[in-house]
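S.K.: Heads up: the protein sequence lines correspond to chains A and B, in order.
Note that the first sequence covers residues 19 to 385 in my numbering.
Note that the second sequence covers residues 3 to 311 in my numbering.
One should not assume that every hint holds.
[Unchecked claim] Label-pair distances were calculated between CB atoms; the ranges are:
no., chain 1, residue 1, chain 2, residue 2, range
1, B, Gly268, A, Gly347, 47 to 57 Å
2, A, Ser59, B, Pro273, 46 to 56 Å
3, A, Gly347, B, Pro121, 20 to 30 Å
4, B, Trp113, A, Gly128, 50 to 60 Å
5, A, Val51, B, Trp113, 19 to 29 Å
6, A, Leu137, B, Leu74, 47 to 57 Å
It is worth saying that the hints were derived from the structure and are not from the lab.
For each residue, glycine too, the CB sits at the ideal point set by N, CA and C.
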Amino acid sequence: MATNKKDNMFKKFLDSFKIPFIAILLGFLIGAVFIIATGNSPFVAYGALLNGSLGSLPKIGETLLKSTPLIFTGLAVAFAFKTDMFNIGAEGQYLVGAITTVAAAYVFRGLDSYLLIPLTLIAGMLGGAFWASIAGILKAKLGVHEVIVTIMLNYVGLNLSNYLVRLVLNPAVINGTEAKAHTILIPEAARLTKLKTIIPAFDYSSVNTSIIIAIVCAIIAYFILYKTTLGYEIRAVGHSPLAAEYGGISVSKNMILSMAISGAFAGLAGYAQVAGLVYKVDQVASSPGYGFTGIAVALVGKEHPIGVIASGILFGILANGERHMQIEGIPKEVVGIIQGVIILFIAGDQIVKYLINRKNSKKEEVA
Amino acid sequence: MLLVIAIIAATLRLATPLIFASLGGVFSERSGVVNIALEGIMINGAFFSILATEFTDIPFIGVIAAMISGILTSLILAYFAIHLKANQVVVGTAINLLAASFTAYLLELIWHRSGQTNPVKHAIKAHPIPFIENIPILGDLTSQLTVFVYLAFIAVIISYYVLYKTPFGLRVRSVGEHPRAADTVGINVYKIRYKCVMISGALAGLAGATLSLGTVRLFKEGMTAGKGFIALAAVIFGKWHPIGAMLACLFFGFTEALKIQSSAIGLGFLPSELLNAIPYIATILALAGFVGKAVGPAASGESYEKGDK
């Protein structure tokens, strides 16, 4: 009996990943068509992609580096999904989180590492949480749809960040030196340790301890959602706001909270990028796209925090591999096409379900 | 005076692609389909108008190609959102991602280069209009405008007429408000939604052609730069009404024109980032009810299952 139950759980687990798996397969198949159109072999291309991102420890390191912001933004989107809210603004929350990280590193610049690192981390988190909670509050108090607000906030955040980079946190303003298209650098004490200083085999790779923070965050998200009262309330609101309200759960409080937590994860993506890799924020014309890829990461991970780690790494493999495909002469845009196709087919899961059913019914016919 | 004319001309020029795309948004949302994909449809339109013009040397064919590419792209949204009842926002996001990668891919495949194409030989240029060109102020102004600008205002009038004065428009609005009721009186909800999403694709494709063929005469990766999202903002700011959307686009175009001319008119002290952010801030304020109530079509974003409930 007991083993039976376990088998069922395992089967259920596998079943829930069937659709993402087939969507990924379709993504690579359609990607192959685009590769063939360029006169190249998909085997060579995908070989280069896989070897380039997983072929050696430094290459794996680079893949994990690319995965880090995606795990954070994937968590952000997945967490909001649980309250039935769509956070399409991880992009803007990322940018605000990055800039508040630099600001905090400047304000507390004299402090030692053991104080400065937690302070800057909290600043990045709060930056993202603040930005997302604007959408959460408008939704909870005025019923304004969060999708449009978070899209608009992406652009407001981009311009806010550019303004602060240009006129407030710029070396020209702070040190009176030459104006640059980026902020001052954060002090050494605020920078995260590169893994290669602990494990030399990572060699040239810049992967740093922020990947560990990302994985810890996913576990924390899992605990909040499934092991705490808050998580129960958040999921209840997501299932049915009316029933939750009737059961004495405050819908508006949970909407704001879940949006704030979601934004905190996106803000941490910005923190990780600043504290772990670039040590500054640049003036940019458009945001880097981590928020939008985060939607794909959340969907492939079935909106489950632990699933998000796996799918974040998958998208990290794609992101790191595109450079290696390009060396083989294949346009790197093929990776963007693969990502788009994956999102499309997970969204339209009916097609995938249809494909599965057809396969099953064929099997039955044979039997 | 020259400065005023320059600002008005720039406002009209910058508002034109936004007007086309936002009219597309109005049609789609009025029928109940949220079109987050406006941005992606625009980038496809911008690309295919240049591609077709490059090969035929006829800009008019470029414009048609942009509209066809827009319709084809919008069909992906229509099929997934209406037919498969997929989440419209997710599908729109996927299309934006696909369109950006797809056009960049084709750019490399066809021109063997990345970044941007060469300018096409023949583009759609501003022409002085006979008779009007001799009128002092009006002549100066119109000589700076392309046919796209006039077309945009004509499209506003047609859209208004179609949505509010024809049986088709009544059906569109009823499908967007209450698909169940519409279905009960014999309106084919799916068909109306397909039509509206295709109209929105054609218009957003045209918006893309305005950007590439109508201004810089070439295609550049990322040239839409969020204009699809501004158009989406204009739909909401304009309360899902063609004329409202047009006014919002003119306002957004005006803030951009001010940014370009800010030093000339003594607004140089304003950070350009603030002027950049105005359309988005205005839209959030409108949604929050500070600029009058903005209530969208009730069924917008909801997929419809025939025979539900």
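S.K.: Each hint: holds or not?
M.R.: Structure-based check of each hint:
1. Gly268(B) <-> Gly347(A): 47 to 57 Å: Given about 53 Å between the Cβ atoms, the range holds.
2. Ser59(A) <-> Pro273(B): 46 to 56 Å: holds, 51 Å
3. Gly347(A) <-> Pro121(B): 20 to 30 Å: About 27 Å separates the Cβ atoms of glycine 347(A) and proline 121(B), which means 20 to 30 Å holds.
4. Trp113(B) <-> Gly128(A): 50 to 60 Å: holds, 54 Å
5. Val51(A) <-> Trp113(B): 19 to 29 Å: holds, 20 Å
6. Leu137(A) <-> Leu74(B): 47 to 57 Å: Holds, since leucine 137(A) and leucine 74(B) (Cβ atoms, about 52 Å apart) stay within the stated range.
Comparing the model with each numbered hint stated earlier shows that all of them hold.
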